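Asker: Here's the letter readout for the chains.
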Amino acid sequence: NAGVTQTPKFRVLKTGQSMTLLCAQDMNHEYMYWYRQDPGMGLRLIHYSVGEGTTAKGEVPDGYNVSRLKKQNFLLGLESAAPSQTSVYFCASSSLGRGQFFGPGTRLTVL
Amino acid sequence: AQTVTQSQPEMSVQEAETVTLSCTYDTSESDYYLFWYKQPPSRQMILVIRQEAYKQQNATENRFSVNFQKAAKSFSLKISDSQLGDAAMYFCAYRSEIRGDYKLSFGAGTTVTVRA
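Top to bottom, those sequences are chains A and B. One point on numbering: in the working numbering, the residue at position 19 of the first sequence is 729, and numbering is uninterrupted. One point on numbering: in the working numbering, the residue at position 84 of the second sequence is 124, and numbering is uninterrupted.
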């Protein structure tokens, strides 16, 4: 059981470049989430999904898109990266009544 | 949206001593969960303990216990017999059981340093 995995672990982008972060979970969880963590601000929700084929906006969705084509995968896309998107990104998944299980995080730097 | 406040940016504790981290939250809902997560330098988010709002008994997990005061909207974490491995950032989080999306709202975190 790998739990929640994230790919890649580190990435450096130039302003305007695009990229996709992949989150995979093998726990058959219905719910999946993408957060960003910035110093002094805790984790803020970007987008989330309550099931395969569904997505919804969180607290800070601007500049990001997501897709949940398969139950086990949740993709986070940056179409045109900006320095303000420099952050650590966490994916999490959960099932009913349980706490969220987190991936190891992806450190993204946008120059 | 629910607001979770952790008023202590940093706390320091001597090894084997006890430290208490504070957390307050703002909600008009009656059915919710509260969580404490630990984030060590490895960056991995680890669930420490959780509390169901309708349960009056405070949750306990080994050396970790909470003081849940529903009327005061307070949810503090007590770490007893502190160990060097407890050094981490600790986050308090709120989850509504009414909305059905199970999103977490996090506080800004408290960094715990353990002195040998």
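Quick caveat, the hints were computed from the structure, so don't treat them as lab data. Owing to the predicted nature of the structure, the values given are computational and were not obtained by experimental measurement. There may be inaccurate statements among the hints.
Straight line, CA to CA, 20 angstroms or less: simulated SDA-like cross-link-like pairs of lysine to any residue [claimed, not checked]: (1) K780(A) / G726(A); (2) K719(A) / I86(B); (3) K118(B) / T153(B); (4) K113(B) / Q84(B); (5) K118(B) / P49(B); (6) K719(A) / L732(A); (7) K780(A) / G713(A); (8) K719(A) / R135(B); (9) K719(A) / R808(A); (10) K724(A) / T796(A); (11) K767(A) / S136(B); (12) K118(B) / R155(B); (13) K719(A) / A792(A); (14) K767(A) / T43(B); (15) K95(B) / S114(B); (16) K767(A) / Q84(B); (17) K719(A) / R83(B); (18) K767(A) / E137(B); (19) K719(A) / Q782(A); (20) K780(A) / E137(B); (21) K95(B) / R808(A); (22) K767(A) / R139(B); (23) K719(A) / P81(B); (24) K719(A) / K118(B); (25) K767(A) / D141(B); (26) K781(A) / D141(B); (27) K719(A) / P80(B); (28) K95(B) / L732(A); (29) K781(A) / G140(B); (30) K95(B) / P49(B); (31) K767(A) / Q42(B); (32) K767(A) / G140(B); (33) K780(A) / T765(A); (34) K767(A) / I138(B); (35) K110(B) / S70(B); (36) K110(B) / P49(B); (37) K719(A) / L818(A); (38) K118(B) / T58(B); (39) K110(B) / E69(B).
Asker: It remains to establish, for every hint, whether it holds in the given structure.
Answerer: Hint check results:
1. For a cut-off of 20 angstroms, the pair hint linking K780(A) to G726(A) is broken: about 28 angstroms separates their Cα positions.
2. Distance restraint check for K719(A) and I86(B): the Cα-Cα separation of roughly 18 angstroms lies within the 20 angstroms cut-off, and the hinted pair is therefore satisfied.
3. Taken as a hint, the K118(B) and T153(B) pair is honoured in the structure, with Cα atoms around 14 angstroms apart against an allowance of 20 angstroms.
4. For the suggested pair K113(B) and Q84(B), the alpha carbons sit about 28 angstroms apart, so the restraint of at most 20 angstroms is broken.
5. Proximity of K118(B) to P49(B) is assessed by CA-CA distance (about 16 angstroms); at most 20 angstroms being required, the pair is judged to hold.
6. Between K719(A) and L732(A) the CA atoms are separated by roughly 10 angstroms; this keeps the pair inside 20 angstroms, and the hint holds.
7. Restraint check: the Cα-Cα separation between K780(A) and G713(A) comes to about 16 angstroms, which is no more than 20 angstroms; the hinted pair holds.
8. Restraint check for K719(A) and R135(B): not satisfied, since their Cα atoms lie roughly 27 angstroms apart, outside the 20 angstroms limit.
9. For the hint pairing K719(A) with R808(A), the CA-to-CA distance comes to about 26 angstroms; that exceeds 20 angstroms, so the pair is violated.
10. For the hint linking K724(A) to T796(A), the alpha-carbon distance of about 11 angstroms falls within 20 angstroms, and the restraint holds.
11. At roughly 16 angstroms between alpha-carbon atoms, K767(A) and S136(B) fall within 20 angstroms of each other, so this suggested pair holds.
12. Proposed proximity of K118(B) and R155(B) is supported: the alpha carbons are some 17 angstroms apart, at most 20 angstroms.
13. Restraint check for K719(A) and A792(A): satisfied, since their Cα atoms lie roughly 19 angstroms apart, inside the 20 angstroms limit.
14. A C-alpha spacing of about 18 angstroms is found between K767(A) and T43(B), which places the hinted pair at or below 20 angstroms, so the restraint holds.
15. For the suggested pair K95(B) and S114(B), the alpha carbons sit about 14 angstroms apart, so the restraint of at most 20 angstroms is met.
16. Proposed proximity of K767(A) and Q84(B) is contradicted: the alpha carbons are some 24 angstroms apart, above 20 angstroms.
17. Among the hinted pairs, K719(A) with R83(B) is consistent with the structure: their alpha-carbon atoms are about 11 angstroms apart, no more than 20 angstroms.
18. Distance check on the hinted pair: K767(A) and E137(B) sit about 18 angstroms apart at the alpha-carbon level, within 20 angstroms; holds.
19. For the given pair, K719(A) sits about 19 angstroms from Q782(A) by alpha-carbon distance, which is consistent with the 20 angstroms threshold.
20. At roughly 25 angstroms between alpha-carbon atoms, K780(A) and E137(B) are farther apart than 20 angstroms, so this suggested pair is violated.
21. For the hint linking K95(B) to R808(A), the alpha-carbon distance of about 16 angstroms falls within 20 angstroms, and the restraint holds.
22. Annotation: proposed proximity of K767(A) to R139(B) holds, straight-line Cα distance about 14 angstroms (limit 20 angstroms).
23. With a C-alpha separation of about 15 angstroms, the suggested pairing of K719(A) with P81(B) holds against the 20 angstroms cut-off.
24. Between the alpha carbons of K719(A) and K118(B) the distance comes to roughly 33 angstroms, so the proposed pair goes past 20 angstroms and is violated.
25. In summary, the hint linking K767(A) to D141(B) is supported, as the alpha carbons are separated by about 11 angstroms, within the 20 angstroms threshold.
26. At roughly 16 angstroms between alpha-carbon atoms, K781(A) and D141(B) fall within 20 angstroms of each other, so this suggested pair holds.
27. Straight-line distance between C-alpha atoms of K719(A) and P80(B) comes to about 17 angstroms, which keeps the hinted pair within the 20 angstroms bound.
28. Note on K95(B) and L732(A): the hinted pairing is violated, with a Cα-Cα distance of about 37 angstroms set against a maximum of 20 angstroms.
29. For the hint pairing K781(A) with G140(B), the CA-to-CA distance comes to about 18 angstroms; that is within 20 angstroms, so the pair holds.
30. Between K95(B) and P49(B) the alpha-carbon distance is near 29 angstroms, which puts this suggested pair outside the 20 angstroms criterion.
31. Distance check on the hinted pair: K767(A) and Q42(B) sit about 16 angstroms apart at the alpha-carbon level, within 20 angstroms; holds.
32. Of the pairs offered as hints, the one joining K767(A) and G140(B) holds, with about 14 angstroms between alpha carbons and a cut-off of 20 angstroms not exceeded.
33. The straight-line distance between the Cα atoms of K780(A) and T765(A) is roughly 12 angstroms, inside the 20 angstroms bound, and the hint therefore holds.
34. In summary, the hint linking K767(A) to I138(B) is supported, as the alpha carbons are separated by about 18 angstroms, within the 20 angstroms threshold.
35. Under the criterion of a C-alpha separation no larger than 20 angstroms, the hint pairing K110(B) with S70(B) is consistent with the structure, at around 9 angstroms.
36. Distance restraint check for K110(B) and P49(B): the Cα-Cα separation of roughly 23 angstroms exceeds the 20 angstroms cut-off, and the hinted pair is therefore not satisfied.
37. Among the hinted pairs, K719(A) with L818(A) is consistent with the structure: their alpha-carbon atoms are about 8 angstroms apart, no more than 20 angstroms.
38. Using a Cα cut-off of 20 angstroms, the hinted pair K118(B) and T58(B) holds, with the two alpha carbons roughly 7 angstroms apart.
39. About 11 angstroms separates the Cα atoms of K110(B) and E69(B), which keeps this hinted pair within 20 angstroms; it holds.
Hints 1, 4, 8, 9, 16, 20, 24, 28, 30 and 36 from the earlier list are contradicted by this structure; the remaining hints agree with it.
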